[in-house]
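Residue numbers (this note's numbering), protein chains in the order written: chain D, 1 to 114; chain L, 1001 to 1118.
There's no promise every hint is true.
[Said to hold, decoys possible] DSS-like cross-link-like pairs, simulated, lysine-lysine; straight-line CA separation at most 25 angstroms:
| # | chain 1 | residue 1 | chain 2 | residue 2 |
| --- | --- | --- | --- | --- |
| 1 | L | 1110 | L | 1003 |
| 2 | D | 71 | D | 14 |
| 3 | L | 1073 | L | 1003 |
| 4 | L | 1110 | L | 1070 |
| 5 | D | 57 | L | 1003 |
| 6 | D | 57 | L | 1070 |
[To be verified] One-sided excerpt, in silico: chain L residues whose CB lies under 7 angstroms from chain D:
| # | residue |
| --- | --- |
| 7 | 1044 |
| 8 | 1047 |
| 9 | 1105 |
I should point out that these hints are in silico values taken from the structure, not numbers from a laboratory.
Note that the structure is a prediction, hence the values are computed from the model and not measured.
Think of the CB as a built atom: it goes at the ideal place given N, C-alpha and C, for glycine as much as any other residue.
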Amino acid sequence: DTGVSQDPRHKITKRGQNVTFRCDPISEHNRLYWYRQTLGQGPEFLTYFQNEAQLEKSRLLSDRFSAERPKGSFSTLEIQRTEQGDSAMYLCASSLLQGSYEQYFGPGTRLTVT
Amino acid sequence: AQKITQTQPGMFVQEKEAVTLDCTYDTSDPSYGLFWYKQPSSGEMIFLIYQGSYDQQNATEGRYSLNFQKARKSANLVISASQLGDSAMYFCAMREDPSGGSNYKLTFGKGTLLTVNP
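Throw the hints in and build the complete structure from the sequences for me.
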């Protein structure tokens, strides 16, 4: 069990550019979640997958955001035409379908939009 | 209304002493789960402890215990014998289980910054 991994750990981009983040969950976990955390706040839910199906998207997820989990394993989160307000830590978590459902988080990707 | 309220922006404790971090929650679902996570300065969220709404006993995990008072809708985290490495942000979170629903997203509070003094 290698835990949840995310890549890259840090990303600096200019406003208007597109960025893509990757998350590799714990291998046997069916569920995968994306959260966003801004400075001084707790994480906020963005979207989640059960296997390859994206089952819910938060209203925080504007049309510029898209997430995929094509084979039910790793997931990508893309932000198009980045804005300064997108600067945040993007956290990925995974969990089992059964049991207490505790979510195990990755180290996060810190995005800075200049 | 906030679903998770952590009223202590910051807390200080002496090494080896116990500390209680407060958390109150708001839900109308009879089935839910409560979590505490630790976030060190490195940024990773570390799962500490879980309490289900139907669990009769308070959860314990090593030095961590959750003081669950259902009627008061509180789920305070107690850390015993504090260590310098406990200095971090601590987040309380709730998972609601609406009838017929299957989304187990977590709703987090704003966190409490704990500083352990030597």
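Hint check:
no.: 1; hint: L:1110 <-> L:1003; result: holds (11 angstroms)
no.: 2; hint: D:71 <-> D:14; result: violated (31 angstroms)
no.: 3; hint: L:1073 <-> L:1003; result: holds (11 angstroms)
no.: 4; hint: L:1110 <-> L:1070; result: holds (21 angstroms)
no.: 5; hint: D:57 <-> L:1003; result: holds (19 angstroms)
no.: 6; hint: D:57 <-> L:1070; result: violated (30 angstroms)
no.: 7; hint: 1044; result: holds (5 angstroms)
no.: 8; hint: 1047; result: holds (5 angstroms)
no.: 9; hint: 1105; result: holds (4 angstroms)
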